[in-house]
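A.B. asks: Turn these sequences into a full structure, and let the hints steer you where they fit.
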Amino acid sequence: MEKLSDFYEAALDTEKYIRNLKVKGKRIMGYMCSYTPEEIILAAGIHPLRLFSTKGTISLADAHLQAYSCSLARGVLEDALAGRLDFLDGAVFPHTCDTIQRLSDIWRLNTRFAFFADVVLPVKLDTESARQYMEDVLRKFKGDLEVGMDVRITDAALKQSIDTYNRIRSSLNTIYELRSANPDILTGSDLYAIVKGSMIMDREYLAKRLPEVIEMFKERTPSTDTEKKRIILTGSICDQPDIYTVFEKAGGVVVWDDLCTGSRYFEGLVGTGGDPIASIANRYIERPVCPAKHTSNTARGERLLEAVRKHNAQGVVFLLMKFCDPHDFDYPYLKEFLDRDNIPSMLLQIEDPLQSEGQLLTRFETFIHML
Amino acid sequence: MTDTDKEKHGKKMQSDGKMQKIMTGYYIDAKTAGETGKKVAWITSGGPVEPLIAMDIIPVYPENHGAMIGASKMGADLCQKAEEMGYSGDLCSYARADIACSVVDGGPIGGLPRPDMLVCCNNICGTVMKWYEVQARYYNVPLFILDTPFSHTKYTDEAKRYVQRQVEEYVTFLEGVCKKRLDRDRMEEVGRLSVEAQRLWQAVLDTAMNKPSPMTCFDAFFHLALIVTLRGTQTAVDYYRSLLEEMEQRVADGIGAIPNEKYRLLWDNLPIWYRLKWLSQKFAAHDACLVADTYTSAWCMSLRYMTDEGNFLDSMGEGYARAYLNIGVDEMIKIVLEMVDKYDVDGFVMHSNRSCKPYSLGQYDIQRAVQKERGIPSVIIESHMVDERSFSESQTETRIDAFMEMIGQKR
Ligand code: SF4
Ligand code: SF4
Numbered sequence: 599m600e601k602l603s604d605f606y607e608a609a610l611d612t613e614k615y616i617r618n619l620k621v622k623g624k625r626i627m628g629y630m631c632s633y634t635p636e637e638i639i640l641a642a643g644i645h646p647l648r649l650f651s652t653k654g655t656i657s658l659a660d661a662h663l664q665a666y667s668c669s670l671a672r673g674v675l676e677d678a679l680a681g682r683l684d685f686l687d688g689a690v691f692p693h694t695c696d697t698i699q700r701l702s703d704i705w706r707l708n709t710r711f712a713f714f715a716d717v718v719l720p721v722k723l724d725t726e727s728a729r730q731y732m733e734d735v736l737r738k739f740k741g742d743l744e745v746g747m748d749v750r751i752t753d754a755a756l757k758q759s760i761d762t763y764n765r766i767r768s769s770l771n772t773i774y775e776l777r778s779a780n781p782d783i784l785t786g787s788d789l790y791a792i793v794k795g796s797m798i799m800d801r802e803y804l805a806k807r808l809p810e811v812i813e814m815f816k817e818r819t820p821s822t823d824t825e826k827k828r829i830i831l832t833g834s835i836c837d838q839p840d841i842y843t844v845f846e847k848a849g850g851v852v853v854w855d856d857l858c859t860g861s862r863y864f865e866g867l868v869g870t871g872g873d874p875i876a877s878i879a880n881r882y883i884e885r886p887v888c889p890a891k892h893t894s895n896t897a898r899g900e901r902l903l904e905a906v907r908k909h910n911a912q913g914v915v916f917l918l919m920k921f922c923d924p925h926d927f928d929y930p931y932l933k934e935f936l937d938r939d940n941i942p943s944m945l946l947q948i949e950d951p952l953q954s955e956g957q958l959l960t961r962f963e964t965f966i967h968m969l
Numbered sequence: 025m026t027d028t029d030k031e032k033h034g035k036k037m038q039s040d041g042k043m044q045k046i047m048t049g050y051y052i053d054a055k056t057a058g059e060t061g062k063k064v065a066w067i068t069s070g071g072p073v074e075p076l077i078a079m080d081i082i083p084v085y086p087e088n089h090g091a092m093i094g095a096s097k098m099g100a101d102l103c104q105k106a107e108e109m110g111y112s113g114d115l116c117s118y119a120r121a122d123i124a125c126s127v128v129d130g131g132p133i134g135g136l137p138r139p140d141m142l143v144c145c146n147n148i149c150g151t152v153m154k155w156y157e158v159q160a161r162y163y164n165v166p167l168f169i170l171d172t173p174f175s176h177t178k179y180t181d182e183a184k185r186y187v188q189r190q191v192e193e194y195v196t197f198l199e200g201v202c203k204k205r206l207d208r209d210r211m212e213e214v215g216r217l218s219v220e221a222q223r224l225w226q227a228v229l230d231t232a233m234n235k236p237s238p239m240t241c242f243d244a245f246f247h248l249a250l251i252v253t254l255r256g257t258q259t260a261v262d263y264y265r266s267l268l269e270e271m272e273q274r275v276a277d278g279i280g281a282i283p284n285e286k287y288r289l290l291w292d293n294l295p296i297w298y299r300l301k302w303l304s305q306k307f308a309a310h311d312a313c314l315v316a317d318t319y320t321s322a323w324c325m326s327l328r329y330m331t332d333e334g335n336f337l338d339s340m341g342e343g344y345a346r347a348y349l350n351i352g353v354d355e356m357i358k359i360v361l362e363m364v365d366k367y368d369v370d371g372f373v374m375h376s377n378r379s380c381k382p383y384s385l386g387q388y389d390i391q392r393a394v395q396k397e398r399g400i401p402s403v404i405i406e407s408h409m410v411d412e413r414s415f416s417e418s419q420t421e422t423r424i425d426a427f428m429e430m431i432g433q434k435r
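Chains as they are written, first to last, in this note's numbering: chain A, 599 to 969; chain B, 25 to 435.
The set of hints was computed from the structure by calculation and includes no laboratory data.
All C-beta atoms in this analysis are idealised placements derived from N, C-alpha and C, irrespective of residue type, glycine included.
Derived CB-CB ranges, DEER-like:
{"no.": "1", "chain 1": "A", "residue 1": "Glu955", "chain 2": "B", "residue 2": "Asn164", "range": "43 to 49 Å"}
{"no.": "2", "chain 1": "A", "residue 1": "Lys908", "chain 2": "B", "residue 2": "Glu192", "range": "37 to 43 Å"}
{"no.": "3", "chain 1": "B", "residue 1": "Glu192", "chain 2": "A", "residue 2": "Glu817", "range": "55 to 61 Å"}
C.D. replies: Spelled out as structure tokens, the structure:
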């Protein structure tokens with residue numbers, strides 16, 4: 599853990615980390631959702647920061663969002679209204695679910711950051727016209743950013759940014775693979791700190807730092823303990839470090855995931871030849887799909903089964919945020935796919951604040967005993 | 025007011041019976057499509073139905089069916105069944121009821137006819153896409169998604185191009201499924217009828233500007249069925265023409281929709297289908313007439329973008345993309361304020377509908393804006409529009425009473 603203190607510090611006290619960057623003169627752009635074209639933001643010399651809720655008590659956001667919106671949307675809005683995000687120069691809202699769609703309006707009408715942009719991406723991603731539109735929208739976003747932040751985004755800067763992101767993403771992928779092969783070389787909380795940290799920390803730093811982390815893990819000797827049950831997590835975002843620890847206590851280990859704050863963030867690289875914006879668009883078209891987007895009717899199910907096979911998982915845990923419609927709609931069919939192949943699964947509905955550790959442990963233990 | 029005066033108000037409309045008849049015929053046609061060799065498409069309520077009509081495909085609306093399920097109070101059972109299938113109880117109750125209904129052939133008409141294809145336009149929500157994916161897997165039929173980018177502040181050129189290309193893709197999709205070409209002349213004729221029906225529907229809703237209003241939003245919820253399901257047909261045009269005549273006659277005779285219209289209110293969001301009668305009586309008892317709503321007007325709002333002048337397919341995309349639920353909260357505020365003025369209302373009733381996030385999230389901001397700009401009282405009622413388990417009668421009653429008292433004091 600000490601060896602990863604930079605990641606832990608950023609993940610646990612994001613505000614402090616970002617304020618430090620700010621002092622060094624960085625401009626900060628907050629964003630929701632893994633479909634944000636971070637490459638373009640970075641190419642503008644601006645620091646992209648994924649917004650996670652600080653999980654304080656909700657009071658101000660209650661005046662804007664009904665209690666039946668997910669705690670992520672409510673939490674992030676609360677932070678903004680309470681001034682906890684005043685280090686932001688602006689925010690970017692890609693179009694994803696119905697909740698973020700309205701959160702974007704509410705944010706635009708009730709906060710006063712210098713910059714704001716909607717990136718109204720296509721919802722279906724399986725046609726040529728959608729690909730073209732994706733490209734158009736990204737170009738428009740680039741223009742909006744240039745005007746709004748008074749910068750020029752050159753192709754050279756874009757190419758460099760793409761390179762940085764490719765390095766970060768492939769490093770994360772390698773770390774996941776290493777852990778899948780030898781789950782003991784890093785703990786779940788280490789993994790959490792690294793992934794979350796990667797959406798918070800300076801990207802150039804990360805591109806250099808992550809390969810070092812990989813070397814460090816490679817030097818560790820894998821344990822011979824094969825007793826632990828291998829689990830895949832699937833859902834929207836997992837901003838609950840405790841969950842990994844409770845899993846491990848219960849005798850399980852998370853060997854892969856299908857989360858926006860996980861594999862869906864890093865899988866797929868941007869092509870490096872050709873027009874940079876078109877290449878970025880292609881990655882967003884081709885990367886593993888989130889349930890708020892459409893490719894085929896069974897894409898997510900097939901992918902989940904593939905991950906189970908590839909990582910030799912014994913069970914799947916659905917980590918679903920309460921009031922998250924896109925994921926709730928996919929759950930029955932994904933479960934059915936797993937059932938058909940006799941892969942046990944359990945559903946854990948999460949909401950901030952998380953239920954007590956005791957309760958969670960009992961549920962996990964019961965599940966893990968079944969495997 | 026004399027007693028005879030009182031009697032003439034609140035009378036049932038003649039058109040009610042006609043509507044029942046048309047809808048029954050329509051559902052019989054749809055359910056016997058297998059025998060007549062016609063194809064059936066399921067389509068979302070905000071979806072472009074005109075090309076289906078032009079291709080002789082029978083359009084079927086799960087949402088209209090959902091409303092029927094709700095009105096016949098069969099929603100709770102079906103929604104619960106969906107929950108047993110693994111669907112969260114927080115999801116849209118139209119979707120839950122429909123998904124369960126497919127499996128058990130339940131509901132007031134024993135389920136909808138099997139679709140040959142699914143047509144989903146996401147101009148109302150992201151829910152419909154997920155819901156139609158579920159049905160595409162269940163029925164194993166082709167799904168066409170018309171992806172209409174959300175217009176937070178404006179309808180961009182990129183979006184316009186994208187939607188326009190999809191209109192052509194839509195036609196190609198239909199031609200593929202039906203194995204025949206779209207007759208473009210017929211298409212224009214259907215487009216013309218659609219626009220005409222929408223104009224008539226708007227004119228019907230406009231009669232509520234009169235005092236007393238000849239209709240309530242509860243009437244509008246009822247008469248809406250045809251503009252949703254059969255726009256683009258002569259049937260719908262004829263029906264709304266005669267409905268308009270009836271309304272105009274009522275206005276000429278000074279007949280009001282409720283016995284004693286003292287207050288005029290605006291409704292926001294979908295109806296609470298299983299409590300329509302209760303709600304309408306409740307408000308009428310306070311001498312309050314819900315003269316207009318933001319929901320039923322959604323089927324004619326696109327009139328400002330659609331034309332019937334010989335290029336319906338070209339203007340259709342924009343009309344559909346700029347639907348009421350596909351625009352930003354500030355745009356919605358503008359429309360609500362226009363309605364407040366147009367119908368001269370004294371209060372605003374907002375249904376906070378747990379089923380429908382795109383409609384409901386943002387309502388608090390709309391409420392504040394209306395309060396600030398027009399200073400009229402408002403009330404929020406919470407429910408799931410088809411799942412009666414979520415509705416608290418006593419709490420709603422208390423809120424309505426308090427709200428009406430506030431309105432009374434303002435006068
Ligand atoms: S958790 Fe679900 S509902 Fe909430 S913002 Fe993410 S996708 Fe939307
Ligand atoms: S009620 Fe709302 S969420 Fe449900 S289908 Fe209609 S628009 Fe979508």
